[in-house]
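Visitor: Heads up: the protein sequence lines correspond to chains L and H, in order.
Each residue of the first sequence is one higher than the one before, starting from 432 at the first, in my numbering.
Each residue of the second sequence is one higher than the one before, starting from 17 at the first, in my numbering.
No lab work stands behind these hints, which were simulated from the structure alone.
Straight-line alpha carbon distances no greater than 25 Å define the calculated BS3-like cross-link-like pairs of lysine-lysine that follow: (1) H/Lys663 to L/Lys548; (2) L/Lys582 to L/Lys548; (3) H/Lys171 to H/Lys196; (4) H/Lys570 to L/Lys548; (5) L/Lys693 to H/Lys570.
Okay, the calculated beta carbon distance ranges per label pair: (6) H/His22 to L/Gly484: 40 to 46 Å; (7) L/Val512 to H/Lys369: 46 to 52 Å; (8) L/Glu712 to H/Ser341: 22 to 28 Å; (9) L/Val485 to H/Glu553: 22 to 28 Å; (10) L/Val485 to H/Gln603: 49 to 55 Å; (11) L/Ser709 to H/Asp469: 55 to 61 Å; (12) L/Gly495 to H/Lys369: 46 to 52 Å; (13) H/Gly284 to L/Ser709: 49 to 55 Å; (14) H/Pro744 to L/Lys674: 56 to 62 Å; (15) H/Ala365 to L/Val485: 36 to 42 Å.
Note that the Cβ used here is the ideal one computed from N, Cα and C, for glycine as well.
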Amino acid sequence: MTRGLITDIHRASVVDGPGLRTTVFVKGCSLRCVWCHNPETQKGRIEPAIDRGVLTPSEAEALGLDGFPETAEGTRAMLEVIQARGLDVCQGQLSSGALTVYGREVTVDAVMEEVRKDRDYYVNSGGGVTLSGGEPMIQPEFTLEVMGASKAEGIHTVLDTTGYMDRGLCASTLEVTDLYLYDFKASEEPVHQELTGVGLERILGNLDLLATSGARIWLRCPIIPGLNDAESHFQAIAKLQQKYPAIERVHLLTWHTMGLAKFKRLGKPVPAELPADSVEEVTKVRYREALVAAGGESVEVF
Amino acid sequence: MATAIHIHPLGLDYVRRFTDAYRAHSDDIYKREAACEAVQFPAVLVPPRPGDFLAGKRIFAEVGYSLQYGGLGYYAAFRDWDLERCPEQLSAEDRKEWEQLRQFWERENTSQKAYDALSDEAKRRMPETFMTAPVLTRGGYPIPRVAGLQLDLSKLVELGISGLREAVSERSGQVADEEKRAFLGACQAAVDRLEGAARYYLDTARSLETMESLSLVRALEGILDHRPETFHEGLQLIQLAMALTATNNYGRLDMTLGPLLCRDLDAGRLTWEMALRLMEQFYTLLEEEYFHTDARIIVGGKGRGDATEADRFALLAMETTERLSLPLPQLTLRFHRAQNPDLLAKAYAVIGKGKTFPMLYNDEVNVPAVEQAFGVDEATAQQYLPFGCGETMIHHQSVGSPNAIINLMRCLESAMNHGRCLSTGIAIGPDLGGLETYEHFDALWEAYTGTVDYYLEPLAEGQTRFYQIAGSECPFSLASLLYDDCLKRGKSLCAGGARYLGGSNETYGNVDAADSLTAIQALVYDSQGCSRADLLEALRSNWGGHDALRARFKAEPKFGNDDDPADAMVMRVHDHICHATRDAGAQTSLHHFLVVVINNNYNTIWGLETSASPNGRRDGDPLAPGNAPGAGCDQSGLTAVLNSQAKPDPTIHAGAVQNVRISASFPRQHPELFATLFQTYFDRGGTQAMVTVTSREDLLDALEYPERYSNLLVRVGGFSARFIDLDPDTQREILSRTEHG
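Here chain H stands alone, though its shape is the one from the complex (with noise of 0.2 Å):
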């Protein structure tokens, strides 16, 4: 899951101000991040349209407070802040002082003063964050963030503004810690902001005079006057309080709009049109506002109660994904044998209608997984939710932000050659040997293994520190707000009030190096056809004049046929890096330390830096997706590649994306078979699917006349987007995947 995200310069003066509010209160953590918020609120919301009945927008200026997006807590947008792009025309006495605020901002910004905090050690082996290297040359970086929140909005919803500061209140009445007590000042003024929120969009709907913000003026002077009643009140609240925080994971709607929804219905005051018209404009603002690997809405599963409302919440949401041809939200359906099978059946026919939406999660596999991997209960379990890309967590109870980013084919490549790029030379890891050295395949895994470790530890350490130093450095009072145990333990998120502080570690190019190494394993070790100087050589001059030796590299067995010799070195390659990035953690003092086998578009990007493979990849082309087969490499139909998916052991990570691409025929032809079909992959293991629903001849086309493709989406790995709007090596990506069906 990335962060980068559209900024808007706000111009000197607000760069003055913001730095001013952020100077006066270096001594006092939570009077700083009020001062800096009432200097950035409301000058980056966004007023409402004529058209909008709901509000809730913000921008990111080049320097701002943030939980997520923009950066760490304090960020400074560089790449955005430069003298020509700033909007005014400064004198040179501004541009002087534009200048050293720039400098200032560089020392002084959250994240790098994260990077800062790391050991000696942990810098000489990541000289680079993930953001600031400007390739991506070695097998790991560091990514310092906290990323991936999903509030309690249901605590929200039902205190409301003037319940929230009544909690606040209470608790103040009862501790006499000093900290404490100023952690909770900083919550109440948190919650002023919100409600300050709320009358700025009141004061500009009330300007607009349309019918649309007579509906907007409503809803925003009924969250000031009470907790919501209605089911605009809740969304509007909701959204309000995203926009505050800087998150854009949404949590179990359905449990938490649910009630609202049908008190509206039932009582006649809102009618299902109306409902999916209020749907419908909560989506686009989404898809308007925020980075495309976010924006989850999580709907179904187990532990939701009575979850007759939450259904009815659930399929309102499926209907507006159905309806509309977004790439977001991420509507995610968990499920299970007791629910209203009415759910899945909706879920099955809109993805068959080619929506990417909702992803689905099994809950009959993810729960007792989620119940091993983070060492909870039962019942805490199942409050797991996929946020971004689909890292696990469980809901506004545990932070698992992936700070940590590893690719598994890079660092096979260090290992086969002393530490060193294949194909340019330069340094990307340790010398533990080189691929002559290693008389025996053990001695080539034991090189592998402990170059990943050799960043699994610095990566570590980093997941501890930025977490510390957020902690130290930004309270993020709303967010804690909403977050257990941070208002009982009179502590903000990241110092000791999240109940569950943990972290995530994203994973690359598992299946090549899986698959590499069962290549070289055949040819080189096992059948010595082919000698480890030959190999070298072939891989150094990226197979250029070496086709038949690729050729029988790319005839090795590979993951995605159902082949289990191919499918057990994807699993040892996966339980090894499970288990070494969870012995990690236990090294820290990290509630888990979880492996995450997602996918955005950086298997494209990092797949860019990777030499050639001996899995038969050229240097520079993609790695496989996620948990996916390699490019064209499944050839044994669907159920094989389903089948190879469900193998590995979901009990030792936190999530790993299933991405498969169906030509649009299948579920038109054959519905019932296109359901039977992911029932029969769900009922033998399988924890999760996303699916693709189109045709390569539209792919084709669309590449071709794309202003007659906006509604084509695809699954890139943990997020959809609009084919056509992807860069071209990911559009080729794409492309490169096996069609099923």
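Bound-form chain L, shown alone (with noise of 0.2 Å):
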């Protein structure tokens, strides 16, 4: 039977595809983006997280967690700590809720009986089953097998991907998916490598062929004021959409602050270049104008 590690499965999504939908967060990704708002999903194994705040003294000298810095690297330590007596016991003497583990190991049966409950939500709101991340082909075979079965029960499936796979498997998605969240981040090749640690190349290719394949596509593009919302990327947004009439809609995924606490509470370093606010009411319509002056059309910000 084969089994996944994913995060979370979030019913009643309404940002992960149309209507309202189940969402897998497959664990684990290839991508080290700067901005990443799900850094939880970034590693491909089980691993704590703490929130120091709520840590309580008496806890933390139970289980020799006090004395560590209050630095990234003094988390880190500490989590170090917690992965080394074991999470189980840790859970179970931290009742203040201060840690919380994350990734669990799931069947592709047991997430389909979980998929299958809303099953009337998806046909009255034309929603369904999304597989996202992390990026959800780093587990192909529990990704595919989740898509695959919810597809032969008539359920709208979405996969939303970073686009960074091997080709072939790129391909295998085609059958399984009714609809792509691809995302787009960058438009320099050392830009994308700086901001994401990998290449663009392959990125771009993998859509060249679902987009010449057939395949329907929601091109996702976060922006991070700062780092990626030069004209000249909005300008390459278009172009792509221009050239690849699959490219139904375009969705700006303006920056925003809530995915930080996760990244205090990993024990990861907080990127200096990263804005201190949430991007603005305004930036964000001068973002969707900036994009349809370039040609782009059917764009969203969120």
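These two chains come separately, so use the hints to put the complex back together.
Guide: This is the structure in structure tokens:
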């Protein structure tokens, strides 16, 4: 029985494709985007996170967690102690709720059982199931099986992907995917490399493959002030859309600070280049106008 | 639903006169009512203010006569009746008299008489009432009262004052029975008082000489002269009757007022804007005046005949709710497939703006459920209404006062610990054993149900006796006149007049008890991963030093995640309490005695007295509200909660409230999905929804800057409130609920 490592199954999601959806967050990703808002899905293994503001002094003392500096390194060292002691043991002893354990193993059957429960919500709203992450295709067998089983049962499927995978693997998604939420994060190779840790070429190649094979695509572009909100990037997005009619919509996902708390709890240093505040409404309007001016169509800004 | 209310003392002279009137007719309850009300009215009526174009407010004095508020019938508000708080400077002699009057009413108030009428065994099991108990230690309490009537206001408006009088006269001419004639005489006196109240307001309004008061004068002159012919007159007459009867749930106002509204609008006598202003004042009056768990206005639903006119009122009522941000009235929309879709669409839009109203009731499920639960035909079931916090009744046909209240988690606690509180050791129920003595889960279950039964028997007896005493002491003539079949039978409401005299049993801690049983079954009996002694020790010490064990009990499946085994236990607990309550009622003369899974803030208040529970809850933490998951237990998304909530059988109780808290951004950004989500829940059998749309950030911010959030409404359970007005415990309980979307 195929198993997968996920962080969560979120039901009644309204932000992961059309309608009301059940979203499965697959754990593990090859990219290390500077702004990642789901940093807990990056590592392909079960991991702890700790909210040091919630941890009580007596808990810290009982588990030998006191004395660590209030820095990312300090938190990482604490998390190592927690790992060494065993996540189960620590979870039992940290009743304050300071400890979160990210990652659980599930079978495809268990996921499908959960997915089926909201079938009528999908039917009424035009929703379905979304595989997200992380990069869902980092666990290809699991993801393809969930998508395939869903499709076989008439449930609409969305693959929310970075596009960073082997070409063959990418081709294998076509059969089970009704709609792609396909990331496009930077338009120049070195910038992409710098912001995400991987090259752009493979992602563009896979986009070309999907777009020329009859796929439906919504392009999803995280826009981070100062990092990838230059005029030229919007022009590149518009150009892609003109090139591939398969790209039905473009979503600009603007920077918000909600993911930062997770950085802290995972002991990850918050990159200095990230803006301190979420993007304001006026800036969202400006981004939209920039893309439309460059020739973008069906643009939505979030 | 509770009935505590602010008392406005009127002082010795008033109390003396009221008491004299009571004493003078100790042998004739009908004359006594008339005499006492002649003292009470218009003394307790509040005169209109210069800007009012609607009148009908009352206060509640330290002693009085009332259907619901203040107490049952002849009430005496002792907590507000001491020498220090007496508004007058009393001489020594006066003080002595004041004290004697107080002693008289301590014996003579109807509520006390009702409790005294219980059997010795019932009193042994329930030594205090819910009102008199200083602390809620036990598993169940009786509540002597007659609450939640919804009068036949359509009859009132159709007949008007003189029409009512004629109807009583006509009936009087047909009966010879002395008792019946006496009752009908009391009804005549009640109509006289209604007219008297209208005249009192007419006089006071005339003295104001403002634009608004002129309009009020016209409305009052109208209802004194003829049956209501305008929307304004209809509303005015209704408000007078509500103030006089001290009832505060308005029933199907769309049916009552829709025709008058449309006639005025179509004739050009009234503009939509003016109608809205009238409604705004009406809402404001309700909000200022009465207790927060009532003031239901019902619109929509099956059984309205041609609903075109009623629908127009329904839209007006929802627009008023949208324009004001008030916790009252509790606007309620019933809906069904064939209904004008504009109503439901408007409702979702208003709810999405954070108004907490209208509450939604799905007739496709509720009508058949009521048919079955109440044992009535479909046409009768179509006249079902929720009142107060969500108890179901049949509009002006049934009385379903919740006179029993039970805490299922406390019953389980009692069953686990030889009838004693786990944290304090005091007696809270029968000793049927302790967790350490139950070798199998079934034995624990049996002790739990035995504890519940121990309370249900006297609670059912109380429900019956309280009505008997109310019937033999208080005719409640005006209310009786507006209730089927009092006039026809010549009998008052609780003395055989009301068509269906039933009752309800408010249950609390249902979900905590079920989640606790789920965890015990898994960890103590099935896997034997935790010994019975260890669990008892952990609970007695409020999980202190047992964090790891608590984490394991918390991690067991919980209701609210669409998890079949966890939900099945909730259904098992639900089935048992519903059937057992109905069976207890079947031993009495009641038409029905049914569970209501409602909530007010008693989940918080009673939670304070309930020890740590095996679902991981700590001693003193709130119990889960109504049919909602425990705090933070619903972690699988909104559809999972709704699916869980749609599982318990709706055909065996008289109402269950479903509270959900949704982030403000969801309906704002996805209004269509918001509506589709609830529509799907209703399609799959959801009975009703009470939706709070707000954001956690706003709630937290409101704690810090309350002055900025006077419009922030939240649904506590069976009622809405300004978040900033809630006590800190209840605020924390609201914050602890999962926010979806």
